[in-house]
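Chemist: Produce the complete structure using the sequences and hints provided.
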Amino acid sequence: MIKFVNAKINLGLQIVRRRQDGYHDLQTLFYPVGIKAGTPSNPVEFCDVLEICRADSATPFSLVTTGRAVDCAPKKNLVWRAAEEYFRLRPGSDLAVTIRLDKHLPDGAGMGGGSADAAFTLAMIDRLARERNPESALSPEELAAAALRLGADCPFFLVNRPAYAEGVGERLEEIPLDLSGMWLGVAKPSVSVSTREAFAGVRPRPSAFDLRTLPAIPVADWRGLVVNDFEESIFPQYPVLADIKAAFYEAGAVYASMTGSGSCIYGLWPSCVEAREAMSEIACNPTITHTYLLEL
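Residues in the sequence shown are numbered consecutively from 15, following our numbering.
No lab work stands behind these hints, which were simulated from the structure alone. Beta carbons are placed, not taken as given, at the ideal position from N, Cα and C, and that holds for glycine. Misleading hints may appear alongside valid ones.
27 angstroms max Cα-Cα, derived BS3-like pairs, lysine-lysine [to be verified]:
id, residue 1, residue 2
1, Lys-17, Lys-89
2, Lys-17, Lys-50
3, Lys-17, Lys-90
Label pairs and their calculated CB-CB ranges [unchecked claim]:
id, residue 1, residue 2, range
4, Pro-88, Glu-211, 32 to 38 angstroms
5, Asp-35, Pro-88, 35 to 41 angstroms
6, Ser-247, Asp-85, 23 to 29 angstroms
7, Met-15, Asn-299, 37 to 43 angstroms
8, Arg-290, Ile-16, 14 to 20 angstroms
9, Arg-141, Val-205, 34 to 40 angstroms
10, Asp-35, Leu-142, 33 to 39 angstroms
11, Glu-187, Arg-31, 15 to 21 angstroms
12, Ala-87, Gly-195, 20 to 26 angstroms
Modeler: Here is the structure:
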């Protein structure tokens with residue numbers, strides 16, 4: 015079984031309160047991106063390739079990684095942890111699998127690449143288990159709980175459709191937002207922002223805007239209305255990120271933002287021609303290591 019693993023962007027990210035357990039409640043709208051990567055109209059390589067096959071082995075799973083190097087030990091890889099979590103929930107299972115991950119999505123980008131890998135791993139192993147023995151598969155609730163233990167945005171990738179999220183990102187409500195026909199430009203700078211660092215600087219406050227209303231608002235009206243709260247504290251520390259966002263607007267983006275806790279900045283354009291010209295300009299910035307142009 016082979017799956018092409020996509021990423022996500024955050025359309026707005028509001029940190030509304032700090033919880034007693036030390037985590038933060040947030041409100042955001044997740045939007046899947048990269049789903050059309052590799053098609054004739056959008057041949058850019060912007061997805062991870064995950065292959066999981068049944069194996070004749072005494073161990074539940076093995077993992078081989080290729081492509082972009084992941085800066086962690088194999089057993090820290092979210093794919094390894096997802097497989098480990100699945101078989102922990104089903105001890106004694108007679109299913110064994112071989113996992114191959116070909117990594118291309120950027121790391122430390124705020125685009126959920128590792129979380130997507132983990133969620134797809136859970137779903138794919140569960141499908142193989144279900145085909146072998148329907149009674150041994152996990153329920154949707156068990157899968158979602160397992161995904162949440164791996165990362166706050168992992169449950170979204172089990173849905174993989176536009177969704178409003180609350181809590182730490184696990185309470186999901188599908189939203190009828192369709193950005194088809196628009197083009198997404200993404201810039202990955204050389205700086206990286208840790209999640210812990212990002213949350214350390216935020217000032218939680220009640221949300222000023224209901225992100226669930228976005229489908230009724232033209233994208234051209236989002237600027238100044240749809241806000242990522244992390245920008246307030248991260249941009250002063252990393253001015254290059256603010257500069258890149260400004261460059262997106264100067265290049266004609268109808269909306270631009272940091273995604274997640276960074277460090278990628280993205281912009282939206284109504285046409286491929288406009289987006290391609292803009293990203294050619296933006297790619298000349300020496301602080302940017304990678305740019306991507308994706309059809310939504």
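Chemist: The structure should be examined with respect to each hint, and the outcome stated for every one.
Modeler: Hints versus structure:
1. Lys-17 to Lys-89: Roughly 22 angstroms between the alpha carbons, so the hint for Lys-17 and Lys-89 holds.
2. Lys-17 to Lys-50: Roughly 13 angstroms between the alpha carbons, so the hint for Lys-17 and Lys-50 holds.
3. Lys-17 to Lys-90: Holds, at roughly 21 angstroms.
4. Pro-88 to Glu-211: 32 to 38 angstroms: 25 angstroms, violated
5. Asp-35 to Pro-88: 35 to 41 angstroms: 30 angstroms, violated
6. Ser-247 to Asp-85: 23 to 29 angstroms: This hint holds: roughly 24 angstroms between Cβ atoms.
7. Met-15 to Asn-299: 37 to 43 angstroms: 40 angstroms, holds
8. Arg-290 to Ile-16: 14 to 20 angstroms: Check failed, 30 angstroms falls outside 14 to 20 angstroms.
9. Arg-141 to Val-205: 34 to 40 angstroms: At 38 angstroms between Cβs, range holds.
10. Asp-35 to Leu-142: 33 to 39 angstroms: At 34 angstroms between Cβs, range holds.
11. Glu-187 to Arg-31: 15 to 21 angstroms: 19 angstroms, holds
12. Ala-87 to Gly-195: 20 to 26 angstroms: 42 angstroms, violated
The structure does not agree with the numbered hints 4, 5, 8, 12 stated previously, though it agrees with the rest.
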